[in-house]
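Student: Single-letter residue listing:
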Amino acid sequence: GENVEQHPSTLSVQEGDSAVIKCTYSDSASNYFPWYKQELGKRPQLIIDIRSNVGEKKDQRIAVTLNKTAKHFSLHITETQPEDSAVYFCAARRGGSYIPTFGRGTSLIVHP
Amino acid sequence: DVKVTQSSRYLVKRTGEKVFLECVQDMDHENMFWYRQDPGLGLRLIYFSYDVKMKEKGDIPEGYSVSREKKERFSLILESASTNQTSMYLCAISGEVEAFFGQGTRLTVV
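So the sequences go chain by chain: A and B.
In this text, residue positions in the first sequence follow this note's numbering: the first is 71, and each later residue adds one.
In this text, residue positions in the second sequence follow this note's numbering: the first is 48, and each later residue adds one.
For reference, chain A alone in the conformation it holds in the complex (with noise of 0.2 Å):
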């Protein structure tokens, strides 16, 4: 079956500062990787996604990187605020299928 690293387990970084987290896949019939944020106390939530047929993705402060050939895809965060604080895991999800593998979470911290 599918597995999802993902790196770093934590990430601490000044306010303004970018943010980038990494994930490696292995399944290389995965096309679909949307990434999470999970609030404290609150239920995860996609924040962005890429399908296999697209490199990249930008949605304000936030972008993600695809890269297929070496099975790895990535979350860059500029311009990061306090609000940012929070977990975020990668997952991937291979055609036909509705079941996405998840990372195991990169908790950020965003010092004020």
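Just so you know, the hints here were simulated from the structure itself, not pulled from any lab data.
Here the structure is a predicted model, which means the values were calculated and not measured.
Quick reminder that beta carbons are idealized off the backbone N, C-alpha and C, glycines included.
Heads up, some of the hints might be wrong.
Unchecked claim - Label-pair distances were calculated between CB atoms; the ranges are:
hint, chain 1, residue 1, chain 2, residue 2, range
1, B, 153, A, 82, 21 to 27 Å
2, A, 82, B, 107, 29 to 35 Å
3, B, 133, A, 122, 34 to 40 Å
4, A, 85, B, 100, 29 to 35 Å
Fit chain B to the given chain A structure using the hints.
Tutor: Coordinates of chain B only, in the frame set by chain A:
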């Protein structure tokens, strides 16, 4: 607004008890999931269901079972609760794109 509702936010149960965690969705999705969330281990799939009365084991099904008698309801059952099942349990539904999660049930087994 998508609603995935779990019946309890917090539960405390005794070792050996049979525990039911309930999840109800209002999106008419076929696919429903139960995940367990532990610090440093992320979201691990326990069971999923793609139709009424259909179920499939996930990555960590041992000690759990599920029931799906109606499309909107998916129940996770701990047959005999043990302390190592103390965790956060998240129900989710998934369609063509994103997954929607319930608010989670924090279960403590004492």
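Student: It remains to establish, for every hint, whether it holds in the given structure.
Tutor: Hints, verified against the model:
Remark: the range hint 21 to 27 Å for residue 153 of chain B to residue 82 of chain A is upheld by a beta-carbon distance near 26 Å. Checking the proposed 29 to 35 Å range against residue 82 of chain A and residue 107 of chain B shows it holds: the Cβ atoms sit about 30 Å from each other. Distance hint check for residue 133 of chain B and residue 122 of chain A: the Cβ-Cβ separation is about 38 Å, which falls inside the suggested range of 34 to 40 Å. With their beta carbons about 51 Å apart, residue 85 of chain A and residue 100 of chain B fall outside the hinted range of 29 to 35 Å.
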